[in-house]
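Full structure from sequences and hints, please.
Everything in the sequence shown is counted per my numbering, starting at 1 for the first residue and increasing by one.
If you're looking for bench data, these hints aren't it; they were derived computationally from the structure. For glycine and all other residues, C-beta sits at the position ideal for the given N, C-alpha and C. Treat the hints with care, since some could be wrong.
[What the hints assert, rightly or not] If you anchor each label on the Cβ, the simulated ranges turn out as follows: (1) T107 <-> P177: 37 to 47 Å; (2) P177 <-> R119: 53 to 63 Å; (3) N145 <-> P177: 37 to 47 Å; (4) T180 <-> R212: 14 to 24 Å; (5) F217 <-> N123: 56 to 66 Å; (6) N28 <-> P206: 52 to 62 Å; (7) I63 <-> R119: 14 to 24 Å; (8) D202 <-> L230: 18 to 28 Å.
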Amino acid sequence: MNTDNIEIVLVHTSSPGNIGGAARAMKNMGLSRLTLVAPREFPAPEATWRAASASDVLNSARIVDSVDEAIADSQFVVGTSARGRRIPWPVLDPRRCAERLAVSSRTERVAILFGREDRGLTNEELQRCNLHCHIPSHEDYSSLNLAMAVQIVAYELRMWGLAERLPEAADEDWDVPFVTTEEMTRFYRHLEETLTDIGFLDPAAPRQLMPRLARLFNRVRIDDMEMGILRGILTEAQKSAGKH
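And the structure:
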């Protein structure tokens, strides 16, 4: 993905605060190219303070008079849409849309259009787009703040940009080796002995206690340091019970 080829376009934005919030969302996710189509008020102090440390995105924003001018140099255009249209159009959610944009941005200039706060993009503007992006918000309250919508799309783009650098599993970069199956077997034996010693487990009526505890511990991966802590707790419990 080439973020230099990705442009966020805000169409006829009425609130300067939303412009600042969108700029901040963009910088959070590594995007910098912002185009404003006929904003009602800009520059504005509210945009500046809402942007926080993303004033550089605001200062470099391009201001144009029309959507046609904003996307004239774009080769792939996506329009965000909150509702269905009379004429069916290719529609993707932000995650799948980001994948498409990430691929296109390697060699093409792409633009993502966000419409007016009160009514979004017009049918005519959406018809200028190659693809529509729909954020599937909850039906009880489907209205999204403009800056929030920008944040969602920008985040999904960021995740695609990081795809090759993020670990595929949560424990891929763990700092301590995980215990072996044999060590877990010894732990379960020690656990059973301790529970018997403290009177919690009755060997004559075990009530599936150990299989359930095994299922509990097997839902997570235990590393060497954690195993040392667990075995130490069991040993101290046995000492307190006078059984060590």
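Hints, one by one, checked against the model:
| no. | hint | result |
| --- | --- | --- |
| 1 | T107 <-> P177: 37 to 47 Å | holds, 43 Å |
| 2 | P177 <-> R119: 53 to 63 Å | holds, 57 Å |
| 3 | N145 <-> P177: 37 to 47 Å | holds, 46 Å |
| 4 | T180 <-> R212: 14 to 24 Å | holds, 22 Å |
| 5 | F217 <-> N123: 56 to 66 Å | holds, 57 Å |
| 6 | N28 <-> P206: 52 to 62 Å | holds, 53 Å |
| 7 | I63 <-> R119: 14 to 24 Å | holds, 21 Å |
| 8 | D202 <-> L230: 18 to 28 Å | holds, 22 Å |
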